[in-house]
Amino acid sequence: MRSAQEASEQAPETAPPPDCWQLFIGFLGLGLIGFGGVLPMARSMLVERRRWLTGDQFTELLGLCQFLPGGNVINLSVAVGLDFRGIPGATAALFGLIAGPTAVVVGLGVVYDRYSDDPMLQHFFSGLAAAAAGLLVATAVKMLMPLRSNIPALLVVALSVVAIAWVRLPLLPSMLVLAPLSIVLSWRFPAGAARR
Amino acid sequence: MNTLVALAVIFTQLSLLAFGGGNTILPEMQRQVVQVHGWMSAQEFSALFALAQAAPGPNMMVVPLVGWHVAGWPGLLVSSLAKFGPSSLLTGVVLGLWRRFKDRPWRRVVQSGLVPMTVGLVAASAILITLATDHSWGLFLITGVVAAASLMTRLHPLWLLAGGALAGLAGLGAL
Chain A
1 MRSAQEASEQ APETAPPPDC WQLFIGFLGL GLIGFGGVLP MARSMLVERR
51 RWLTGDQFTE LLGLCQFLPG GNVINLSVAV GLDFRGIPGA TAALFGLIAG
101 PTAVVVGLGV VYDRYSDDPM LQHFFSGLAA AAAGLLVATA VKMLMPLRSN
151 IPALLVVALS VVAIAWVRLP LLPSMLVLAP LSIVLSWRFP AGAARR
Chain B
1 MNTLVALAVI FTQLSLLAFG GGNTILPEMQ RQVVQVHGWM SAQEFSALFA
51 LAQAAPGPNM MVVPLVGWHV AGWPGLLVSS LAKFGPSSLL TGVVLGLWRR
101 FKDRPWRRVV QSGLVPMTVG LVAASAILIT LATDHSWGLF LITGVVAAAS
151 LMTRLHPLWL LAGGALAGLA GLGAL
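Keeping their order, the protein sequence lines are chains A and B. Note that the first sequence covers residues 1 to 196 in our numbering. Note that the second sequence covers residues 1 to 175 in our numbering.
Possibly wrong hints are sitting among the right ones.
[To be verified] Per the computed footprint, the stretches of chain A lying under chain B, defined by three or more beta-carbons under 8 angstroms from a beta-carbon of chain B, are:
id	stretch
1	16-25
2	46-54
3	61-68
4	110-124
5	131-141
[What the hints assert, rightly or not] No more than 25 angstroms apart at the CA atoms, straight line, and that leaves these computed lysine to any residue pairs for SDA-like:
id	chain 1	residue 1	chain 2	residue 2
6	A	LYS142	B	ALA149
7	A	LYS142	B	LEU89
8	A	LYS142	B	ALA162
9	A	LYS142	B	VAL9
[Said to hold, decoys possible] Sample of chain B residues with no beta-carbon within 10 angstroms of chain A, all distances over it, derived:
id	residue
10	THR3
11	LEU4
12	VAL5
13	ALA6
14	ARG31
15	HIS37
16	GLY38
17	TRP39
18	ALA71
19	PRO74
20	GLN111
21	ALA148
Honestly, the hints are just simulated from the structure, not real lab data. From the three backbone atoms N, C-alpha and C, an ideal C-beta is built for every residue, glycine too.
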């Protein structure tokens, strides 16, 4: 449980373990600077600036956080907080991470609700929404590119799109079919073999 | 009260199904709040998603915003707790085990095996959000240009959002 803390006592390259308040402040800052995904900022905050973790510890914790459901940086805040200060630390880190952005989105929501009848602002927000959709399209394309020569993987992608976007099936039953299929096909036909 | 219970149930489920991050659960979130419960139109959902994208922080900030929009401050609290609580508990519980099983071969097989499904879910999100948002050719144009710019340049996403909003303000969306 305490391996990050133990390591930081032996290894000179990390700072002393943070207390709950420092965890809260550290993740509060992270929540407020990261636009369009906080992962790159998370590494620079935890490893380079505050030196709470070594690069290897960061990679190990991130591996867990990407493996489990939930946002990877959100899970990361919980794992880092828990490692250093137990449940109070995890709570402080998680709350720090989401408090700032929550205040900002609610502020934007108030503006949107109050002026949603104003035609100028309607145009502004529909342009904003179209741009946000564009960013999401780009994310999907970037994720799709590494799979482009892997036919079984593309089959799973296509099935997921049809089930969720076209037929509009509920997520839970779709995933109960798609997840095992995805795992078995990737295992039987790894990316390298399919390209040959 | 029933609304709060429904929000809790929806976001607890989404919390535990969000393999591969937040964008994979957008279609189900949209299906629940638009189709199943009729709390808002698909277009309003897209607008909330856009607001959340324009805010800093992790990319699941649409969750507290949806909760707030549907049921005010109690809605915000319930949906945030339901979305961030269960996955965080799971992370805490698995953290100890992780150091033992992270080097096992099956861990890598499962993790990389889920990638094609994750990509499919994000692609489905992109399609659904685009269709719900772009109700004119001008808006489709904005989406296309932003997507292309994001793929081909290293412009910060915030500039692309600002550019889209200004193009909308200039009347491009009404074309």
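Tested hints:
1. 16-25: Coverage by chain B is violated here, the residue count being 0 at a Cβ distance below 8 angstroms.
2. 46-54: Violated: only 0 residues of the stretch 46-54 of chain A have a Cβ under 8 angstroms from chain B.
3. 61-68: With 6 residues in contact (Cβ-Cβ under 8 angstroms with chain B), the coverage given for the stretch 61-68 of chain A holds.
4. 110-124: Coverage by chain B holds here, the residue count being 5 at a Cβ distance below 8 angstroms.
5. 131-141: holds (count 11)
6. A/LYS142 with B/ALA149: 12 angstroms, holds
7. A/LYS142 with B/LEU89: 31 angstroms, violated
8. A/LYS142 with B/ALA162: 22 angstroms, holds
9. A/LYS142 with B/VAL9: Distance ~32 angstroms between A/LYS142 and B/VAL9 Cα, so the pair is violated.
10. THR3: 17 angstroms, holds
11. LEU4: 17 angstroms, holds
12. VAL5: 18 angstroms, holds
13. ALA6: The claim holds: B/ALA6 sits with its nearest Cβ about 15 angstroms from chain A, beyond 10 angstroms.
14. ARG31: 6 angstroms, violated
15. HIS37: 13 angstroms, holds
16. GLY38: 15 angstroms, holds
17. TRP39: 14 angstroms, holds
18. ALA71: At roughly 13 angstroms from the nearest Cβ of chain A, B/ALA71 sits farther out than 10 angstroms, so the non-interface label holds.
19. PRO74: 13 angstroms, holds
20. GLN111: 5 angstroms, violated
21. ALA148: Incorrect as stated: the minimum Cβ-Cβ distance to chain A is 8 angstroms, not above 10 angstroms.
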